[in-house]
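Novice: So the protein sequences, as listed, match chains A, B, C and D.
Residue numbers for the first sequence follow the numbering used here, so the first one is 570 and each next one is one higher.
Residue numbers for the second sequence follow the numbering used here, so the first one is 570 and each next one is one higher.
Residue numbers for the third sequence follow the numbering used here, so the first one is 570 and each next one is one higher.
Residue numbers for the fourth sequence follow the numbering used here, so the first one is 570 and each next one is one higher.
Please keep in mind that the hints were generated in silico from the structure rather than gathered at the bench.
Quick caveat: nothing in here was measured; it's all calculated off a predicted structure.
Glycine residues also receive a C-beta, built at the ideal position from the N, C-alpha and C atoms.
There's no promise every hint is true.
[As the list claims (entries may be wrong)] DEER-style ranges, computed between Cβ atoms:
#, chain 1, residue 1, chain 2, residue 2, range
1, C, G678, A, D856, 25 to 33 Å
2, C, A587, B, S605, 53 to 61 Å
3, B, A690, D, D597, 44 to 52 Å
4 protein chains.
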Amino acid sequence: MLTDTRGVYIVTQTPFAADGATDLASIDTLIDFYSSHGADGFTVLGVAGEAAKLTPAEALAVAGRFIARAGGKPVIVGVSNASVAQLAELTAQVMDLGAAGVMIAPPTGLKTEEELFAYFAGVFARIGDVPTVLQDFPFSTGVWMSVPSICRLVREFPQIQVLKEEDLPSITKITKLRESLDRRIAILTGNNAMFLPLEMGRGIDGPMAGFSHPEMLSGVYRLYTQGKVEEAHALFDSYLPLLSYENQSQWGVAVRKEVLRRRGAIACAAMRQPGPRLTPVDIGEIDLLLRQLQRRLAAA
Amino acid sequence: MLTDTRGVYIVTQTPFAADGATDLASIDTLIDFYSSHGADGFTVLGVAGEAAKLTPAEALAVAGRFIARAGGKPVIVGVSNASVAQLAELTAQVMDLGAAGVMIAPPTGLKTEEELFAYFAGVFARIGDVPTVLQDFPFSTGVWMSVPSICRLVREFPQIQVLKEEDLPSITKITKLRESLDRRIAILTGNNAMFLPLEMGRGIDGPMAGFSHPEMLSGVYRLYTQGKVEEAHALFDSYLPLLSYENQSQWGVAVRKEVLRRRGAIACAAMRQPGPRLTPVDIGEIDLLLRQLQRRLAAA
Amino acid sequence: MLTDTRGVYIVTQTPFAADGATDLASIDTLIDFYSSHGADGFTVLGVAGEAAKLTPAEALAVAGRFIARAGGKPVIVGVSNASVAQLAELTAQVMDLGAAGVMIAPPTGLKTEEELFAYFAGVFARIGDVPTVLQDFPFSTGVWMSVPSICRLVREFPQIQVLKEEDLPSITKITKLRESLDRRIAILTGNNAMFLPLEMGRGIDGPMAGFSHPEMLSGVYRLYTQGKVEEAHALFDSYLPLLSYENQSQWGVAVRKEVLRRRGAIACAAMRQPGPRLTPVDIGEIDLLLRQLQRRLAAA
Amino acid sequence: MLTDTRGVYIVTQTPFAADGATDLASIDTLIDFYSSHGADGFTVLGVAGEAAKLTPAEALAVAGRFIARAGGKPVIVGVSNASVAQLAELTAQVMDLGAAGVMIAPPTGLKTEEELFAYFAGVFARIGDVPTVLQDFPFSTGVWMSVPSICRLVREFPQIQVLKEEDLPSITKITKLRESLDRRIAILTGNNAMFLPLEMGRGIDGPMAGFSHPEMLSGVYRLYTQGKVEEAHALFDSYLPLLSYENQSQWGVAVRKEVLRRRGAIACAAMRQPGPRLTPVDIGEIDLLLRQLQRRLAAA
């Protein structure tokens, strides 16, 4: 059961070679890097993982490689798709490979809460009893789910065991959700962890986010769960300038991949096209931000 | 009480002079034209009335002139506004002038049903006990209201006495609404009356629409309410090519004003800028469509 | 070369069995039905063909069956996809099977004309020299292309040999396109052919649309190209009430499939879920509309 | 001429009393507060100033009070409006009162660059030779302007003397704009100044943003223009946790008003309804963030 999920779930990048081919070997080094910096689990094929640029066969190969290397740590696979048929096909395949569950966001174009419920009823009729992370990411999907709607989804569909909450403001929504949910589910938060320590204070079970320095995510999580609130904030604040820099949608993903490459986690920083490419000016800013980060960490 | 509304409500044009000034004198001829072709009431300052191009002072002057000339027939005033303060101000002013009620569509940007209810709670707290037409026109507002949501709004806010239904398909929604509403309200339909006889068969109380030939609207309504279903359809079908031609959003409004000008209802066909202007090719099509309409009417 | 395309291209339905499985046998009867009612070519896997509900393997099987049965008439395959990788894969597969070309609409989410050009540059770099129909269907994609933008796309990408124009108003846009395009391409129109005879008068090369009565599409096209303008309009007008009824987005597709089933073109009217299902009230309206159509045709 | 604008332009809040009435007296204390913390100019009636909740008369009164108290510092007035008539009316009124210029964002609903140019042509034909700040804030307006489009607007309309750039990523767009603009205009940046020092490095002329601690904005600006890049970043980073907390759209405005109230800048923190209200949990977070800010400033 994923309802007891807690800890640090890393939203993984998908490594590509310079020519745009998937780089499966880098998946191994990447997941080892994440694990050595405190990851408790992984979420693959998310928005930041460039999932929408893959063919179904590539998506399956990437997910399979992550699962194989995860060493038993849970792997959640993003299966959101405009086609329920494709969603169901990938779900069956990755569950066979050993995924811990799937993550589903409602598709762009759902217009009312009535349509939202009909959609998930249809999905769960197709995929059956699969542990599911409901992703609430309206700025990406264009589908806005109120707290009462999320509570009703959780009430009606036992498959929903985790909520990935990345509406904004997340903090006030988390408080309302914790007051309103009828049964215990895990709540993890995304938005590149931009509000992580405050979200911990509001009652989440950990981050589900990507960052070039996952040791910050795990560090803040450990400190906060040990009751060291001020220390958790101080650690977070040290990384915030870089975190905010990476929090610039797909362009921020390009930055993150460049820093992961510098740290040896992946062989090549390229994003699959169409996607942003970094300029020398961008690289100079990364240098500056990393230098300042090192200075703050040394001073602390 | 508007809950017993039935009949033919004409969505009025706002007449402008060639230089873009409001043409109040043409309001008198226009409303006389509508009345002589079977209008039972009027809806002014709607989308097709170019309301969004007026200053508050102009809007008030236009509404006041319509009310003064309506000869006691009910006038509904569209007061939808991104600013609740402006909505409330115009509502108070037109109710003082003798409007029968106001029409309100939810503003662009409302994202969940929770926000929808909060919005109308705030509006009705401000405007008080004013008879209100709820406008369901998602293609214009971007706000999609499900049947359960509309029923809940009607349940909670007694001010809602009429629903102007112009979602698509309207016909299936009307059937669901009639099955689901807890109390009797009037339902009138818009979308330029493109589905009027079918909507009559689904249980509406009449059209709330604009057309250059309002005698079609009143004719279909009378025939249908007399049980002459096939005749109602036949009359409607005769006008459908022209109706469909006018059903091309703001460009269709330009067509409608040109035909109304030809029929003597208004002095000038101009729309206030920014807005479409007709070309000689467009005028040639209007000539063709009117010629064919006359032929069909003569044959019938 | 598709630049000389002219005639009647039918946008095909995808037949499903009652349990939602693809019904390949009905593809044969369907394409024979279309051909016997005047089709000159076919467009498969469009929005009205429920393409978004298929897996990639199903899409390929459906397209292949249509191509095999088309008897040498050109088949255009819709390949629009949020993933360029999937778009390129399907394009290569269907061109191998003998498709005449592909149809591509810009994906939801493109925000500026700069992004639009970058998108098509990327697509054509991937798929190479494949004859392409550019689909301008903003109400479905959310991407609005101005006349200058379309002209620039046509100028820069020789692969674009046909424009499927289904913005609204289509008629004024067609006139501007014909005045502005630097080179000759074919223009066909969609929107369920709601403005077909007027669009013919504006200079299109034929319809690319679906309708339960394709004999209307071919009849209007033949009459108009023979210079019989008034007769073309008269024929069109006879069918307009039913055409308008089918022009209600996905619900209209359900109606169309029901009528195609009654006419023996497909075995089962079901849409794949999620999708609308017809009620007895809906069926009664279809009966009424077909009865009135027969009466008008008999009178003519 | 505003083309030489440089320095710190504060986006002002609009003070309200607890009952929702405008609090004009607090405008005086607020502008004095801003001035004493380094403001060089002001932008009033922006999105963060709750402009959309005011009546035209209230908007004029608020703008006039700000202008009267500004002591000769330039005041830019936001006049964006769905109605060009209202935009023109407010523009004429505030220019008469001594505004330095107006700020205009394209209205929601513009769909192509062709429509964008037609819109501004129409606006400038109405308002004439008024110094104008073009606001590029797509996340609020839904209108996305590419760099080539902005350059063309600047080329064609000499009234555009300043660009308020708040697309994301802003930094890469600023670099492209500085390379592409044909004539010198000022570029100021918004987005609550979340990327201020990096934007300074990309060539902007200062911030146009709101913050409860305007001394950060002016401090970063002064340090950066003195060539103290690392010091500018260090100062900025100290405030970043609070800045990010205030950068949560309208809820962030509620936070900002609460902090401004605590600092004596305004009498009451209330937002006009509909708008967010802070809870005790929110207040506790503000306490925490302010305490940590003080600690960092003391340590520096």
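Novice: Taking 44 to 52 Å as the hint, is the beta-carbon distance of B/A690 and D/D597 inside that range?
Specialist: 34 Å, violated
Novice: With respect to the beta-carbon atoms only, verify the hint that C/A587 and B/S605 lie 53 to 61 Å apart.
Specialist: 54 Å, holds
Novice: Starting from the range 25 to 33 Å, see whether the pair C/G678 and A/D856 falls in it by beta-carbon distance.
Specialist: Taking Cβ atoms as reference, C/G678 and A/D856 lie about 32 Å apart, which means the hint holds.
Of the numbered hints given earlier, the model fails hint 3 alone.
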